[in-house]
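Here the protein sequences come in this chain order: A and B.
Using numbering that gives the first Met the number 0, the first residue of the first sequence is number 0, and each one after it goes up by one.
Using numbering that gives the first Met the number 0, the first residue of the second sequence is number 0, and each one after it goes up by one.
Accuracy of the hints is not assured; some may be wrong.
What the simulated footprint calls covered on chain A by chain B, stretch by stretch (three residues with Cβ under 8 Å from a Cβ of chain B suffice, anywhere in the stretch; the number is not a length) [to be verified]: (1) 10-16; (2) 65-76.
Pairwise CB distance ranges, derived in the manner of DEER restraints [unchecked claim]: (3) B:R80 <-> A:V37: 25 to 35 Å; (4) A:V37 <-> B:G41: 28 to 38 Å; (5) B:G82 <-> A:G102: 25 to 35 Å.
Simulated from the structure, these hints should not be mistaken for laboratory data.
Ideal Cβ placement from N, Cα and C applies to all residues, glycine included.
Listed here are the chains, written in short residue letters.
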Amino acid sequence: MPLPAEKTLLVLDGMGVPLYSARGLTQTLTPIQGQSVVRRTINGTPRDLSLPVAKKYDSTISCTDLAPPASDNIWAGRIVVVHCVAELSRALAASPSRQVVPGSEITEGNFVRYRPILTMMIVEAPSLTMEEYTARRSWSMKLTEV
Amino acid sequence: MPTILPPSNQFGDAFYGGAVTGGGDVAGPFYFAWINAGEAFGPQHHVMHEFIFSFELDQSEGNFASLNIEIENPGVGGLLRPGRKLRCWFAWFNPETEEIEPLFTGRLVAVPTNLQSRVVSLQFTAQPDDFDAAKAEIAAEIRAYGLPYWDPVFVDESHEEDPDAVLEAIPKLWHVDRLTLETTLSDILVGEDGVVAFEEGEAFDDGLDVQLNDAPLDAVEVDATVTWKQSHVGTIDMGGYFFEGRIDGLASEWPKPGGSLSGGYSVVSASFVGYRINLTQVNITYVYENKEKEPTDGDLMSHNESYSGVPRGDLRFATRTKVTQANPEDGQGYEVDLARVGISVGQGLGRAKASLVLGYGANRDWEERLTFTVHSDLQPVLRAGNDARVTERIVISGRDVVEFGLLGSTATSYFRWPRGDVSVRHLILRAVARLKLGGRVVNVTWGCTFARATEFTCRKSAALADKRLQGGYAIGKIIAYKMAGNGDSGVFDGSVTIGCTVGLGNAIVEVAGDPTYVEEGYVTRPYQMYENSVIAIGANDVGYSPPIIVPNDDGLIFPLTKRQVVLREQTIKEALPGPEDQEPPSTVFEVIGGPQPEQTNRPGAQIDALIAKAEVEAQRAAERAGRDIVYFEMELKAIDKGKFTTESTVKVQNLVLPKQYDLTTAEVALLPGLVGPGDQFLPPTVS
Numbered sequence: 000m001p002l003p004a005e006k007t008l009l010v011l012d013g014m015g016v017p018l019y020s021a022r023g024l025t026q027t028l029t030p031i032q033g034q035s036v037v038r039r040t041i042n043g044t045p046r047d048l049s050l051p052v053a054k055k056y057d058s059t060i061s062c063t064d065l066a067p068p069a070s071d072n073i074w075a076g077r078i079v080v081v082h083c084v085a086e087l088s089r090a091l092a093a094s095p096s097r098q099v100v101p102g103s104e105i106t107e108g109n110f111v112r113y114r115p116i117l118t119m120m121i122v123e124a125p126s127l128t129m130e131e132y133t134a135r136r137s138w139s140m141k142l143t144e145v
Numbered sequence: 000m001p002t003i004l005p006p007s008n009q010f011g012d013a014f015y016g017g018a019v020t021g022g023g024d025v026a027g028p029f030y031f032a033w034i035n036a037g038e039a040f041g042p043q044h045h046v047m048h049e050f051i052f053s054f055e056l057d058q059s060e061g062n063f064a065s066l067n068i069e070i071e072n073p074g075v076g077g078l079l080r081p082g083r084k085l086r087c088w089f090a091w092f093n094p095e096t097e098e099i100e101p102l103f104t105g106r107l108v109a110v111p112t113n114l115q116s117r118v119v120s121l122q123f124t125a126q127p128d129d130f131d132a133a134k135a136e137i138a139a140e141i142r143a144y145g146l147p148y149w150d151p152v153f154v155d156e157s158h159e160e161d162p163d164a165v166l167e168a169i170p171k172l173w174h175v176d177r178l179t180l181e182t183t184l185s186d187i188l189v190g191e192d193g194v195v196a197f198e199e200g201e202a203f204d205d206g207l208d209v210q211l212n213d214a215p216l217d218a219v220e221v222d223a224t225v226t227w228k229q230s231h232v233g234t235i236d237m238g239g240y241f242f243e244g245r246i247d248g249l250a251s252e253w254p255k256p257g258g259s260l261s262g263g264y265s266v267v268s269a270s271f272v273g274y275r276i277n278l279t280q281v282n283i284t285y286v287y288e289n290k291e292k293e294p295t296d297g298d299l300m301s302h303n304e305s306y307s308g309v310p311r312g313d314l315r316f317a318t319r320t321k322v323t324q325a326n327p328e329d330g331q332g333y334e335v336d337l338a339r340v341g342i343s344v345g346q347g348l349g350r351a352k353a354s355l356v357l358g359y360g361a362n363r364d365w366e367e368r369l370t371f372t373v374h375s376d377l378q379p380v381l382r383a384g385n386d387a388r389v390t391e392r393i394v395i396s397g398r399d400v401v402e403f404g405l406l407g408s409t410a411t412s413y414f415r416w417p418r419g420d421v422s423v424r425h426l427i428l429r430a431v432a433r434l435k436l437g438g439r440v441v442n443v444t445w446g447c448t449f450a451r452a453t454e455f456t457c458r459k460s461a462a463l464a465d466k467r468l469q470g471g472y473a474i475g476k477i478i479a480y481k482m483a484g485n486g487d488s489g490v491f492d493g494s495v496t497i498g499c500t501v502g503l504g505n506a507i508v509e510v511a512g513d514p515t516y517v518e519e520g521y522v523t524r525p526y527q528m529y530e531n532s533v534i535a536i537g538a539n540d541v542g543y544s545p546p547i548i549v550p551n552d553d554g555l556i557f558p559l560t561k562r563q564v565v566l567r568e569q570t571i572k573e574a575l576p577g578p579e580d581q582e583p584p585s586t587v588f589e590v591i592g593g594p595q596p597e598q599t600n601r602p603g604a605q606i607d608a609l610i611a612k613a614e615v616e617a618q619r620a621a622e623r624a625g626r627d628i629v630y631f632e633m634e635l636k637a638i639d640k641g642k643f644t645t646e647s648t649v650k651v652q653n654l655v656l657p658k659q660y661d662l663t664t665a666e667v668a669l670l671p672g673l674v675g676p677g678d679q680f681l682p683p684t685v686s
């Protein structure tokens, strides 16, 4: 799949990704804290006490490029739909747990990897770092799946 | 991923009505089963019906064992489902015995309110449904056993059926077994079911704690009182009485049958038989002999006359006598009649015989007060402040012992007699029970493995040998224990607290004492009294000397006799003021017929003078007798009123308490690191 015009696979619906602002970004997908509530019984059996609705992801997107992200008037709480760069992988017979970025599925053997589409809330608005002489701009943003 | 149901778990969705999947946890090493009431522990309970993340099982003396568990919320169809089982068995696999052993059975105390949480807490209590009935049954046995541990004299009527009231003189607490739910009594100092012993090193290093409670109870003062009405009904024959004089008033006022007298007396029978009498016997004797050598013609030569008797009829007597008087004209004698004027005395002159039988109804308030103090033989325990001894006081009023049927209605003492002596023992045991609890001043707590903790019950004692303890050793009744487990941390352990007395471990020595009443062997107690005797009672850990009681009374012994009740009895004759000093009537006699004596020096005149004098005297005597009013006064002891109080004290030996913790030893082991070579103390260095 060729890169989009923004030179990145990342899509932030509801915010946008300016050109040259997200090349070489790093995205993490981390299960939320509430997703892991495991107690062990007195007989040694671990029990998952997490709520099914807690099976969500946190994500941190960070990048150093030449353009700033479209962070003006973007504050925590903004809902954006993220076409993730990070991939999830599933068994060939299983169904994806998230909506799939069209054309992102890659089948390898008995497994399929894909890029999920996540509806997320910005929990930390983009932070910006500007290097004047090199004109490099570093930024990062934290989101959590709604 | 499919839910794993281990083969031993037979309860899946069906158990919870299909609302929750998964059923229970894998069974073992812990087991938890929901049960119906009355299910005995068996293989069917070797299951795990819940996912239990942690548990805590504890019990303190006098309370039910409780089990608190954290479980995964089984959902609405679980805990609140109608018809749900509310009781449980909780057990574990003992690796030493390789048996599945029960740890607890009980019923759910309350439904948790945090049902929205994923983890809920449940509390169970090992309380039998028939706890009140079981207590009542044990209490009834104690009441049936009776003295000296149960004395209804000192039990308030409202608490007669109260099971807890039977423990006043018994140093025990209620205990319910966490496995059998059997209700029993357990001593507060020594466990009935043995000692759980811990050798050096068996207790956890951390968690050893020795607490000295507030100052020990040093003494208990007892102030006990019993009351009763001393009552008796009987009769007293006061005997016969004789009165003479003016008895009209006495006759009318003499007590009449059926009448009542003050002081608690009544008249059962009375008689007063009187008759009028001529009171004064008159004796008149006239003797005259003419001694003249040459009597004159007509002179009276001699005269003898006497009269003796009691005037009759209207007390007027008249006699005639004749005197020979010489006629001065012819010298011939002739008889002269002399008439005497009758002496009349007033009405009411009489004699009487009387009798009197009194009835009495004694109804007197009696109170007997007994005071004593029981001290404990304690090791010296440092106290903050002024070293003031801690004393508790028991003030108790017993029932009316006559109404209670323990004493005859005429008794003057209760505590002196055998039944009362047992009450004394009971009162001492009440004080002993409080002293024993108050003597448990040292609490020692330590941690141990879970396996050891399963041995604990509140019917046992526990002992610990640890060089960190003063004396290196402590033993005491288990007053609390706990065993707990947490799946997250993987910590499964227990702890125990024992209560230790700081007695001296002495023994009571019985002493026969010195007889004080009569020679030894003549009579036995309670007639024989002994000084300085010591009788061991209870668990032979306290002794006392039966009090020598001298009732404070007025000496009346029923049935009463005249001699006991008469204070004064007196017949009084009171002369009315009368004409004693007045001149006698001018006419004493009248001579009827014959010439009047004209010359006073004549013999006849002399006779006349004699007669007149005698009659005057007689008249005066009669008149005096007629004027004497007879009174009768009797003063009796009042028996319907009065309150008698007897106060006595009892000598009680010091209560002997076991030395379960030794505060007096000089040996104190120190923590590792503070002991240098040769076990010398190394003072900490300051860097």
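Status of each hint after checking the structure:
no., hint, in the structure
1, 10-16, "violated (count 0)"
2, 65-76, "violated (count 0)"
3, B:R80 <-> A:V37: 25 to 35 Å, "27 Å, holds"
4, A:V37 <-> B:G41: 28 to 38 Å, "34 Å, holds"
5, B:G82 <-> A:G102: 25 to 35 Å, "57 Å, violated"
Checked against the numbered hints given earlier, the structure breaks hints 1, 2 and 5 and satisfies all the rest.
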